[in-house]
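Undergrad: Heads up: the protein sequence lines correspond to chains A and B, in order.
In case it helps, the numbering used here puts the first sequence at residues -16 to 295.
In case it helps, the numbering used here puts the second sequence at residues 30 to 212.
A hint or two may mislead.
[As the list claims (entries may be wrong)] Incomplete in silico selection of chain A near chain B, CB under 7 Å: (1) -8; (2) -6; (3) -4; (4) -2; (5) 5; (6) 13; (7) 84.
[Unchecked claim] Every beta carbon over 10 Å from chain A, so not counted as near; a handful from chain B, in silico: (8) 49; (9) 62; (10) 89; (11) 97; (12) 98; (13) 111; (14) 118; (15) 127; (16) 157; (17) 194; (18) 198.
Calculated from the structure, these hints are not laboratory results.
Even for Gly, the Cβ is constructed at its ideal location relative to N, Cα and C.
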Amino acid sequence: MKELLNKYKANKIRPEELEELSSMIESTPDDTLYDILFEDWDSFASESENNHKVKENLKKKIFIAIACAAAILLALTLYLQIRLHESTNRLDVLADSDYRISTEDTGTMDISLPDGTTAKLFAKSSIQYSADYGQNKRMIKMTGEGNFDVAHNSEKTFSVSIPGMEIYVHGTKFNVYAYPDDEISEVSLYQGSLSISCGNQKIRLSPNQKVIVQKSTGKMTLTHFDDEEDMSLRKHKMVFIHKPLLQVLDALQARFGVKITSSGLDLSDFYTGEFREPELEDVLAVLGVHYLFDYEIKNGEVIITKKAGKSK
Amino acid sequence: MVDEKQIVKLLKKSDWEVQNKWFRVLFDMYYHDLLNFTLQYVKSRDTAEEIAHDSFVKLWLHKDNLDEKRSVKAYLFKISKNSLIKEMRRQLKNPLMTEYFSFIDTLSTEARITYDYDTFLKTIKEASEYLTPRQKEIFILCKEKNLSAKEIAIKLSISEQVVRNQLSKSLRIIREHLSNCIR
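Here chain B stands alone, though its shape is the one from the complex:
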């Protein structure tokens, strides 16, 4: 194993080029782990990359205050945990998550790894072009703005039943499009 303590020491007091080099070593050691770890929870590659990048930026900015007795790995978690948990909570409340999981369930194990939430969202966006404007409106209110059928009914001054019918129609169209996409 590389002696991490030494790296941290070198990071703290040396000239810029040396710091840069050793920071790069730390980056190579942990970046992919942090990214993949975060991705498991937030499901969106873009968000995971953002969190991982931010963490390393902060690590660089705070390199002078690092304590070589503590592991860099633990420190990286400490930096990233707040955004990680915030994003995870957000995703768990996201009504499209159910759709995402049930769709991803139909994929092969291989495709499952690369097919993240962003890709899914993009496909949904494409699919929603096949909806009528009204269906699209209802779909967005329900799945993106997270409103209930009742709230949508009041907002659009139509009956709840109409909302439910349109919604299930939209879902059918979108699911059809999704299943076409993987073929």
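Next comes chain A alone, as it looks inside the complex:
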């Protein structure tokens, strides 16, 4: 086993050997592993020999430093300088990396950004921002749907970039809908002011306005929205006011991360209804009564079939 383990440590193990080692380790009790590893650790010495000598010198230096106040001051300055150097280095390294927050196929997530901006992310969404967020600018990238409440800061504009579009805001509340597999993207504004640039077009939104972008053509439509309907997103409710059934099912797919297939239904039929804290099954049951269908949920897929022999 030791031979295999050495190969494993050195990253020079062949697949069949790895399998062998894996099953060996699995049947080895922890105590035996402790002994093997301890032996290895006991004899483990990388560059440490040199290190110890350096430390020895350091120790002497420290004692001299204690005797000499001026030297202490010097050492302290040096130390601070090194630390400062270290920490700026670390910042630089950090600044290069990105943070990414993603939600699963179902459910929502509440997040806060370093500047106090909060957002609710819906299913299958993600936002990305760099570690220096808030230092010079406040910029995030996102896909999916998010509901933002931006902390006010007139000097640092908050911007959201989604494929093909940039959104610039000051302190405001707004919602972004930008799923990659949907034909349209939507930005709705609840409070404050917001401007969008999409290619060479620029649009400024006032509260209760939303813009819908047709992705294939780039056509932008500005509409006024009903408070009740869109604000509902933030209250967890699902509200449908005179919506074709097709859109209702689409909304369910996005909300619950399921795939819905239906047969025999008139998808252009309009539906009006409201669900408070909806569960997928509850909504389907209610719709099933309305439209006389049966449904089956299997592996994240919903199959809807019209009940035979009856018509609405």
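Fit chain B to the known structure of chain A by using the hints.
TA: Same frame as chain A, but now just chain B:
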């Protein structure tokens, strides 16, 4: 050599600043060894760093109970062994390990040292964007959730052969991406 016993004594009864200084000396003495030692077994730098950090945090918390007759090195092992073995067992069961080793085998000796499992996983994640959704689903079920072809076939209600075909296709795509990455 620095007299470790003296350090341990100083750690136990002195004011905070002195403790801090000598703890720092111990840290410099052992941290890199512990990190590199752990890394050999867990392969992931993040995990190794976590284990090494935790061990030193515990060492600091238990400094009053240290026995100066015993070596700090042995004590550090005692603190870290449980998480080390747990992580090592986990990695050995990880189906992506085979891929990791066969990939790392194609690297130069130099690259091998820096290319740890985390980096590998990140590259795999990027590569999986090139798969179709179905291929990706199967790949994740197999390599991350550790399901067999048979289990996946039942779960997705498709035939086992389809699973195997898709899997080998996915692997080919991912390997191609991996080999592009090192160039």
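Undergrad: Compare the structure with each hint and give your call.
TA: We went through each hint and held it up to the structure:
no.	hint	verdict
1	-8	holds (4 Å)
2	-6	holds (5 Å)
3	-4	holds (6 Å)
4	-2	holds (5 Å)
5	5	holds (4 Å)
6	13	holds (6 Å)
7	84	violated (15 Å)
8	49	holds (12 Å)
9	62	violated (5 Å)
10	89	holds (19 Å)
11	97	holds (17 Å)
12	98	holds (16 Å)
13	111	violated (8 Å)
14	118	violated (6 Å)
15	127	violated (5 Å)
16	157	holds (14 Å)
17	194	holds (20 Å)
18	198	holds (20 Å)
Of the numbered hints given earlier, the model fails hints 7, 9, 13, 14, 15; all others are met.
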